[in-house]
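**Q** Next come the chains, spelled out residue by residue.
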Amino acid sequence: MYIAKVIGNVVSTKKDDSLIGSKLMILKVVHADSSHDVIVAVDLVGSGVDDYVLVSCGSAARQTFINQKIPVDAAIVGIIDNFNEGMIKDGTGY
Amino acid sequence: MYIAKVIGNVVSTKKDDSLIGSKLMILKVVHADSSHDVIVAVDLVGSGVDDYVLVSCGSAARQTFINQKIPVDAAIVGIIDNFNEGMIKDGTGY
Amino acid sequence: MYIAKVIGNVVSTKKDDSLIGSKLMILKVVHADSSHDVIVAVDLVGSGVDDYVLVSCGSAARQTFINQKIPVDAAIVGIIDNFNEGMIKDGTGY
Amino acid sequence: MYIAKVIGNVVSTKKDDSLIGSKLMILKVVHADSSHDVIVAVDLVGSGVDDYVLVSCGSAARQTFINQKIPVDAAIVGIIDNFNEGMIKDGTGY
Amino acid sequence: MYIAKVIGNVVSTKKDDSLIGSKLMILKVVHADSSHDVIVAVDLVGSGVDDYVLVSCGSAARQTFINQKIPVDAAIVGIIDNFNEGMIKDGTGY
Chain A
2 MYIAKVIGNV VSTKKDDSLI GSKLMILKVV HADSSHDVIV AVDLVGSGVD DYVLVSCGSA
62 ARQTFINQKI PVDAAIVGII DNFNEGMIKD GTGY
Chain B
2 MYIAKVIGNV VSTKKDDSLI GSKLMILKVV HADSSHDVIV AVDLVGSGVD DYVLVSCGSA
62 ARQTFINQKI PVDAAIVGII DNFNEGMIKD GTGY
Chain C
2 MYIAKVIGNV VSTKKDDSLI GSKLMILKVV HADSSHDVIV AVDLVGSGVD DYVLVSCGSA
62 ARQTFINQKI PVDAAIVGII DNFNEGMIKD GTGY
Chain D
2 MYIAKVIGNV VSTKKDDSLI GSKLMILKVV HADSSHDVIV AVDLVGSGVD DYVLVSCGSA
62 ARQTFINQKI PVDAAIVGII DNFNEGMIKD GTGY
Chain E
2 MYIAKVIGNV VSTKKDDSLI GSKLMILKVV HADSSHDVIV AVDLVGSGVD DYVLVSCGSA
62 ARQTFINQKI PVDAAIVGII DNFNEGMIKD GTGY
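Here the protein sequences line up with chains A, B, C, D and E, keeping their order.
Take the position in the first sequence, starting the count at 1, then add 1; the result is the number in the working numbering.
Take the position in the second sequence, starting the count at 1, then add 1; the result is the number in the working numbering.
Take the position in the third sequence, starting the count at 1, then add 1; the result is the number in the working numbering.
Take the position in the fourth sequence, starting the count at 1, then add 1; the result is the number in the working numbering.
Take the position in the fifth sequence, starting the count at 1, then add 1; the result is the number in the working numbering.
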């Protein structure tokens with residue numbers, strides 16, 4: 002899984018029917034070497050902007066959906082308590 | 002999922018039979034650190050050049066196909082309303 | 002999928018039995034930011050050196066094999082007509 | 002699989018029910034070119050901070066769970082005896 | 002698949018039972034832009050240090066195992082005859 006920061010949400014009026022009702026959040030993935038990937042994940046736990054979250058990618062993202070036939074490859078599966086990017090960047094550990 | 006910009010389409014006369022009839026679009030994936038991956042995805046929602054789209058990768062890309070036995074690893078599953086790369090680049094969020 | 006250029010083929014006398022008879026090509030993946038990954042893919046459409054091809058990765062690569070129990074994670078599924086790397090590099094689109 | 006160093010653990014009170022009871026560790030993946038990805042993995046072998054571990058990603062991470070329907074995409078599957086990052090960095094091999 | 006060079010092996014006394022008996026090799030993945038990722042793969046063809054090998058990743062890595070329920074995401078599936086990194090680096094092809 003990745004640690005990521007929620008920075009916004011995506012509005013997509015024209016989308017695959019199976020995504021209707023899904024909350025699509027934009028995330029910046031936390032890498033130690035400060036390169037930031039931007040991904041979109043379906044929110045499963047009620048996260049909001051500025052939350053640090055745990056995001057599962059690939060087929061793992063569909064495991065908790067009743068209907069697993071939806072085209073989702075990333076899902077927010079947890080909100081992280083008390084997270085601080087600084088400790089990861091300078092390598093002292095968390 | 003990734004956010005990506007549609008920059009063109011691919012014409013491939015000699016291809017796997019199961020891809021015949023698929024609309025293959027060339028996409029530049031939006032990364033916060035302005036590096037750009039170029040990928041090709043099957044269009045499922047009628048997107049066009051210059052659209053910002055939501056693209057699902059891996060086995061997720063085959064979930065909405067009636068015949069899931071086609072060699073596709075990326076699919077455009079939504080067109081994003083009002084997207085602006087600038088906000089992601091400078092980290093102010095979206 | 003990726004766009005890639007075929008730059009050669011791999012000869013592997015000592016390999017898994019299920020790969021015997023497979024044509025293994027070496028590819029340079031086209032990225033907009035000119036970094037080049039080198040991957041090997043099974044050829045399904047009769048491509049040759051200097052061809053620009055469409056390559057599917059992950060479980061997608063096994064979808065068109067009669068025997069899907071072979072350890073393949075990349076397959077060439079199309080030869081691209083009239084492709085020009087320059088247009089992707091300078092961001093003008095294709 | 003990756004080699005990674007355990008640098009801490011994640012506390013997530015609000016998470017998917019299927020993750021309750023899982024030990025979530027923060028890992029720095031060892032790359033030869035000293036860039037470090039930060040990932041989170043479920044611990045299956047009792048690892049602790051500063052251990053160098055073997056981490057399996059993607060659908061592989063769910064293979065040893067009795068209930069494979071949990072949204073996990075990385076699992077610690079071994080603790081590495083006597084590992085030294087230096088030998089990998091300077092390319093002399095291990 | 003990737004081309005990689007075998008640089009050593011991993012010893013892991015404390016590991017998932019399903020990995021007992023597996024030969025775990027450390028590999029440097031060959032990229033054209035000379036960045037080197039370090040991964041660990043199960044050896045299926047009897048490779049040794051300094052061999053250049055063909056490595057399959059993701060679910061492909063488990064296709065040839067009788068018991069596919071093992072947490073493996075990379076497997077060495079071939080030893081490459083007469084490989085030379087130089088030709089890939091300078092882009093002249095192989």
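Hints may contain errors.
Intra- or inter-copy, both count: the list cannot distinguish identical chains.
When the alpha-carbon atoms are kept at most 20 Å apart in a straight line, the in silico DMTMM-like pairs for lysine to aspartate or glutamate are as follows [to be verified]: (1) 6 - 51; (2) 15 - 52; (3) 29 - 18; (4) 15 - 82; (5) 15 - 51; (6) 6 - 86; (7) 29 - 86; (8) 29 - 51; (9) 24 - 51; (10) 70 - 51; (11) 70 - 38; (12) 6 - 38.
Hints were generated in silico from the structure; no laboratory data involved.
**Q** Are the CA atoms of residue 15 and residue 52 at most 20 Å apart within a copy, between copies, both, or neither?
**A** between (27 Å within a copy, 12 Å between copies)
**Q** Treating 20 Å as the Cα threshold, decide for residue 6 and residue 38: within, between, both or neither.
**A** both (11 Å within a copy, 15 Å between copies)
**Q** One pair to classify: residue 24 and residue 51, alpha carbons no more than 20 Å apart. Within, between, both, or neither?
**A** So residue 24 and residue 51 pass the 20 Å test inside one copy only (16 Å; across, 24 Å).
**Q** Classify it for me, residue 6 with residue 51: is the Cα-Cα distance of at most 20 Å met within a copy, between copies, both or neither?
**A** within (6 Å within a copy, 25 Å between copies)
**Q** Are the CA atoms of residue 6 and residue 86 at most 20 Å apart within a copy, between copies, both, or neither?
**A** Both: 10 Å inside a copy, 17 Å across copies.
**Q** Reference check for the pair residue 70 and residue 38, CA-CA at most 20 Å: within, between, both, or neither?
**A** Neither way: residue 70 and residue 38 sit 26 Å apart in one copy and 27 Å across, limit 20 Å.
**Q** Cα distance capped at 20 Å. Does residue 29 pair with residue 51 within a copy, between copies, both, or neither?
**A** within (10 Å within a copy, 23 Å between copies)
**Q** At most 20 Å between alpha carbons: which applies to residue 29 and residue 86, within, between, both or neither?
**A** both (12 Å within a copy, 13 Å between copies)
**Q** Go through the copies and call it for residue 29 and residue 18: within, between, both or neither, with a Cα cutoff of 20 Å.
**A** neither (26 Å within a copy, 24 Å between copies)
**Q** If the cutoff is 20 Å on CA atoms, where do residue 70 and residue 51 land: within, between, both or neither? Let me know, please.
**A** neither (30 Å within a copy, 29 Å between copies)
**Q** Checking residue 15 and residue 82: alpha-carbon separation at most 20 Å within a copy, between copies, both or neither?
**A** Result: close only across copies, 8 Å inter versus 35 Å intra.
**Q** Evaluate residue 15 and residue 51 at a C-alpha cut-off of 20 Å and name the case that applies: within, between, both or neither.
**A** Answer is between: at 15 Å across copies they meet the 20 Å cutoff, but 27 Å inside does not.
Going through the hint list in order, the structure does not satisfy hints 3, 10, 11.
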